[in-house]
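Please model the complete structure; the sequences and the hints are all you need to start from.
This is what each chain is made of:
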Amino acid sequence: MRPRPDFGELSLTRPLDPAMLAQFSAGPVRTLEEYQQAMTLRAAVYMAEQDCPYEEEYDGNDFSCTHFLVREGARPAGTCRVRWFADFAKIERSTIIPAYRGTPALRVLMAETCEVISRKGYRVALAQIQSRLWPVWSRVFRCRVVTGRPHFAFSDFDYCEMEIPIAPHPQALTIRADPLQIIRPEGDWDQPGVLDRSASRPAEAA
Amino acid sequence: MSEVRIDYQGLSRRAGEFDFRRASFAELEAGLALAEQLTGQSMATPASIHWIDGLTGMAGWVTGDPVDGVFITVPLSAGGVAAVRDGSFVPAWPSLAHICCKGEACGGVYIGAYAGATKESRRRVMMAAGITRLEFFAPVACFARGATEDGKRSMLSLGFHAIEGGLPDLWGQDPLPVSQEQAA
Numbered sequence: 001m002r003p004r005p006d007f008g009e010l011s012l013t014r015p016l017d018p019a020m021l022a023q024f025s026a027g028p029v030r031t032l033e034e035y036q037q038a039m040t041l042r043a044a045v046y047m048a049e050q051d052c053p054y055e056e057e058y059d060g061n062d063f064s065c066t067h068f069l070v071r072e073g074a075r076p077a078g079t080c081r082v083r084w085f086a087d088f089a090k091i092e093r094s095t096i097i098p099a100y101r102g103t104p105a106l107r108v109l110m111a112e113t114c115e116v117i118s119r120k121g122y123r124v125a126l127a128q129i130q131s132r133l134w135p136v137w138s139r140v141f142r143c144r145v146v147t148g149r150p151h152f153a154f155s156d157f158d159y160c161e162m163e164i165p166i167a168p169h170p171q172a173l174t175i176r177a178d179p180l181q182i183i184r185p186e187g188d189w190d191q192p193g194v195l196d197r198s199a200s201r202p203a204e205a206a
Numbered sequence: 001m002s003e004v005r006i007d008y009q010g011l012s013r014r015a016g017e018f019d020f021r022r023a024s025f026a027e028l029e030a031g032l033a034l035a036e037q038l039t040g041q042s043m044a045t046p047a048s049i050h051w052i053d054g055l056t057g058m059a060g061w062v063t064g065d066p067v068d069g070v071f072i073t074v075p076l077s078a079g080g081v082a083a084v085r086d087g088s089f090v091p092a093w094p095s096l097a098h099i100c101c102k103g104e105a106c107g108g109v110y111i112g113a114y115a116g117a118t119k120e121s122r123r124r125v126m127m128a129a130g131i132t133r134l135e136f137f138a139p140v141a142c143f144a145r146g147a148t149e150d151g152k153r154s155m156l157s158l159g160f161h162a163i164e165g166g167l168p169d170l171w172g173q174d175p176l177p178v179s180q181e182q183a184a
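Sequence order for the protein chains is A and B.
Residues in the first sequence are numbered consecutively from 1, following my numbering.
Residues in the second sequence are numbered consecutively from 1, following my numbering.
Be aware that a few hints might be false.
[To be verified] The calculated lysine-lysine pairs, modelled on DSBU-like cross-linking and capped at a C-alpha distance of 35 Å, are:
(1) Lys120/A with Lys102/B
(2) Lys152/B with Lys102/B
(3) Lys119/B with Lys152/B
(4) Lys90/A with Lys152/B
(5) Lys119/B with Lys102/B
(6) Lys90/A with Lys120/A
It is worth saying that the hints were derived from the structure and are not from the lab.
The following block contains the structure:
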């Protein structure tokens, strides 16, 4: 059973109800199939609903980030991606398909995403949000609009910057973390991975 | 409404004179478990206090090794003070707009918990609470919940009074007289 995102959920305006985590699961994308699911959800929402041009939606950053997916059972419900900078993480392309809007899917997705951000040691996330959606996002996150910065526009929408404090994680991964823990699959750092198992084979001397 | 700029270094130094230190996450776990055991009340989660402490730079304090005393104090923004008074403040999961993040103007203080397991640790808790209130937060109001009869008695001894409305069992202490240079 996946551990509760105790630190990621602190970025939300309310704690997650256990029933939400029973209904939805979320985590980093690790396979090509999951990647395809994430891209499909974004095509449905951004290209079909918002008429975003293909080349603007798939902007050259999809192979340099971490994608996250939220599902109800096996059915993909939403996605987002995170790009990593020196001292902040940037949450982008947050997407929930129409059938799951108004459900806890978004909250579960964001809690699990922030859990990974927290575990990596980041203390703040940035999001560029459509200005018209501030009332929505301010009900999801304990966050604030960055003051003293101009609004800006691209892809036919006005945007502003939103800053989300990330909880300090007591087991944040540092440069001195266990070397085998560091190379486990993203977000699954507490379970022995395939390379832990490989360590039982005799190593060749250099 | 009065506000105060918090002297974080001075506060930490003064708290240290009463053997209090900013708590690590593990120390918060121990301190909050102790407070629950001593008061019979459920507390905010250690993760939540750790989050508040990280943003405010001053929320979670413990004494003793192993921990035998805890003091949770949340600096409030002006909006936070209003929220305490109108009952919309959520102590275990406060809105970002209600807390005074490090470097911001502080409009009041909310004491979330103070408890000590021994006579000596209780003395340290009371001294640290009283002295830091007087020396660092005198210009602003201070709030706490009167969760237990013991708690109410100790708050009475510190000059708190029950406040009608707002959070349940809300107690408060008005701003204290301060010298000109302490007021923001």
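Each hint tested on the structure:
1. Lys120/A with Lys102/B: holds (23 Å)
2. Lys152/B with Lys102/B: holds (30 Å)
3. Lys119/B with Lys152/B: holds (18 Å)
4. Lys90/A with Lys152/B: violated (46 Å)
5. Lys119/B with Lys102/B: holds (33 Å)
6. Lys90/A with Lys120/A: holds (13 Å)
Hint check: a violation occurs at hint 4 only; the rest are consistent with the structure.
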